[in-house]
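Student: So you can see what is in the structure, the chains are spelled out below.
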Amino acid sequence: MTEPARESASPAKKKARAPRKAKAPARPRKVTTTLRVNGEDHEVAFLPHKTLLEVLREDLGLTGTKHGCELGECGTCTVVVDGEPMLSCLLLAVECDGREITTVEGLSTAQGPHPLQRAFADLNAAQCGYCTPGFLCASKALLDRDPSPSRDTIREELAGNLCRCTGYGKIYEAVERAAAVMRGEPVPPVPGIDPASPTGEVARGC
Amino acid sequence: MMRLPVFRYLAPKSSAEAVRMLSTEGPTAAVVAGGTDLYPNMKRRQVSVRTLVSLRRLAALRGAQAGPDGAWRIGAGTSLMALERDRRLAAERPALHAAVKSISTPVLRTMGTIGGNVLLDTRCNYYDQNFEWRRAVNHCLKCTGDTCWTAPGSDRCWAVNSSDSVPVLIAMGAVARLEGPAGVREVPVESLYRDDGIAWLTKAKDELLTELVLPPPDGWRSHYGKLRRRGTFDFPVLGVATALRLDGDRVAEARIVLNGVGSAPLRAKEAEAFVVGKRVDAETAKQAGELAFKPAKPLDNTDFENAWRKKMVKVYVRDGLLAAARA
Numbered sequence: 001m002t003e004p005a006r007e008s009a010s011p012a013k014k015k016a017r018a019p020r021k022a023k024a025p026a027r028p029r030k031v032t033t034t035l036r037v038n039g040e041d042h043e044v045a046f047l048p049h050k051t052l053l054e055v056l057r058e059d060l061g062l063t064g065t066k067h068g069c070e071l072g073e074c075g076t077c078t079v080v081v082d083g084e085p086m087l088s089c090l091l092l093a094v095e096c097d098g099r100e101i102t103t104v105e106g107l108s109t110a111q112g113p114h115p116l117q118r119a120f121a122d123l124n125a126a127q128c129g130y131c132t133p134g135f136l137c138a139s140k141a142l143l144d145r146d147p148s149p150s151r152d153t154i155r156e157e158l159a160g161n162l163c164r165c166t167g168y169g170k171i172y173e174a175v176e177r178a179a180a181v182m183r184g185e186p187v188p189p190v191p192g193i194d195p196a197s198p199t200g201e202v203a204r205g206c
Numbered sequence: 001m002m003r004l005p006v007f008r009y010l011a012p013k014s015s016a017e018a019v020r021m022l023s024t025e026g027p028t029a030a031v032v033a034g035g036t037d038l039y040p041n042m043k044r045r046q047v048s049v050r051t052l053v054s055l056r057r058l059a060a061l062r063g064a065q066a067g068p069d070g071a072w073r074i075g076a077g078t079s080l081m082a083l084e085r086d087r088r089l090a091a092e093r094p095a096l097h098a099a100v101k102s103i104s105t106p107v108l109r110t111m112g113t114i115g116g117n118v119l120l121d122t123r124c125n126y127y128d129q130n131f132e133w134r135r136a137v138n139h140c141l142k143c144t145g146d147t148c149w150t151a152p153g154s155d156r157c158w159a160v161n162s163s164d165s166v167p168v169l170i171a172m173g174a175v176a177r178l179e180g181p182a183g184v185r186e187v188p189v190e191s192l193y194r195d196d197g198i199a200w201l202t203k204a205k206d207e208l209l210t211e212l213v214l215p216p217p218d219g220w221r222s223h224y225g226k227l228r229r230r231g232t233f234d235f236p237v238l239g240v241a242t243a244l245r246l247d248g249d250r251v252a253e254a255r256i257v258l259n260g261v262g263s264a265p266l267r268a269k270e271a272e273a274f275v276v277g278k279r280v281d282a283e284t285a286k287q288a289g290e291l292a293f294k295p296a297k298p299l300d301n302t303d304f305e306n307a308w309r310k311k312m313v314k315v316y317v318r319d320g321l322l323a324a325a326r327a
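Those protein sequences? They're chains Y and F, same order as listed.
If you read the first sequence in the numbering used here, its first letter stands for residue 1, the second for the next number, and so on.
If you read the second sequence in the numbering used here, its first letter stands for residue 1, the second for the next number, and so on.
Hints in this document: simulated from the structure, not taken from any laboratory.
Cβ atoms here follow ideal geometry from the backbone N, Cα and C, with glycine treated the same way.
Errors might be hidden in some of the hints.
[To be verified] Some chain F residues flagged as far from chain Y (calculated, every beta-carbon gap over 10 angstroms):
#1 M21
#2 A59
#3 R87
#4 D195
#5 A282
#6 T284
[As the list claims (entries may be wrong)] Chain F residues, not near chain Y, derived (Cβ > 12 angstroms throughout):
#7 P40
#8 A182
#9 G183
#10 D218
[What the hints assert, rightly or not] What follows is a list of derived Cβ distance ranges for each label pair:
#11 R85(F) / R151(Y): 52 to 62 angstroms
#12 F304(F) / C128(Y): 49 to 59 angstroms
#13 G184(Y) / R85(F): 21 to 31 angstroms
#14 A204(F) / G169(Y): 17 to 27 angstroms
#15 K30(Y) / N130(F): 24 to 34 angstroms
#16 V315(F) / G169(Y): 30 to 40 angstroms
#17 P5(F) / G112(Y): 21 to 31 angstroms
#18 A59(F) / G169(Y): 15 to 25 angstroms
#19 G184(Y) / K286(F): 32 to 42 angstroms
#20 G184(Y) / G248(F): 36 to 46 angstroms
Using the sequences and the accompanying hints, generate a full structural model.
Tutor: Right, here's the structure in full:
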């Protein structure tokens, strides 16, 4: 719901004008708020124009969430806020107080990686890996809401996350595999992967 | 990295307080709900915002209710995802539901609101670029420059209205409720727009869109068709809403609204008049498509070649009429 002020030349006044920059308020003051990230409360001070992405990475040191286009066109900065996937690049951190934020760092537990992380690793659903935190968070929100999504639902729900390497097939398979694991169903073994290893370590022969 | 510029952040607790803040702060204040349209524009320095008035605390703006007569009241702050998940809306207003579902991506629909889509900034290939890109072409008329690069001989801005919900709301005869310093007024959604890429809204800067009201269906049936390159993300390069009220098997009233082909949504009135009194068969729909083709004048400022986009008007109006008749 936006109707921003514009720095536009009216057609009547046709003369070149240097771009006029907004005069910033004198010495912007930081706001202090408590952000609940991955189950922990963090009291953090930041300037009110900072996005959640910037605060997570720069003030909380949680660099798992990636900078992508920063315009809502790629999905790599996706985090889970109150159970819903959200783009941290388009969310003001000041508006996140009192909300439950989960980043990729918060997916694993003391027992090991999240089934999604394990399935992504086991099936090679990541190549360069830059989009992976966003995919994991968007997939987590999906599986928490719908434990048995169809391939079409997965495709639709992940339509806001771009991957330029994999072609998506492995990602969809990994989400389906993780969903099966989370439902307690057996999944076929992956050659070269030790299913007993809590970290899903690849058994390398060398 | 593209950071947001520094601004003053205000979070009013009521719509009256929001309106007061907008009046006091003047034209450099901007309203933000979902932020999915405004923040990218701020990051690219397309707009200059000194004060941001956030609607996050205005819970009263969120939610959609249907009345016993089938009329709907939709709070402007309702997220697009909330509307998408509303099964009653999907059953009773499938065209609006389809339009909402076609907007951008699931994660952006989770954040964005219906009010934001109704007031979406106009778009153009020469405007929706980062600051350095725009500086390289010496800026455009919509943002600090003195030339419209889409039509350099023209003295106006041709940026395009790219909302998906707007054509359907107009076809359904929806009304927008605006709250301003002088009180509340209700205007047809259709009258919110002006054929000017810069001043594309008739709403005053200190008026707040609070609600959208859909009248009872009263026999109207509608459809929305969207043309874009990808099945997700993309704004419509052509959006066609068709609504018909049938009397037996003949059309009693028709509304055909095109979007993505001008700075304001466009009513194809000649095509509307043509179908009235007729059965919607393949031939009638085809001829109506030909009539709607004439007033649509897409320019070369969105995705796809403009001549092809214009040609697609025929196809989308034809198919839209047939689909609405079947709806």
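Student: So, against the hints stated earlier in the document, which numbers end up violated here?
Tutor: 7, 11, 12, 14, 17, 18, 19, 20
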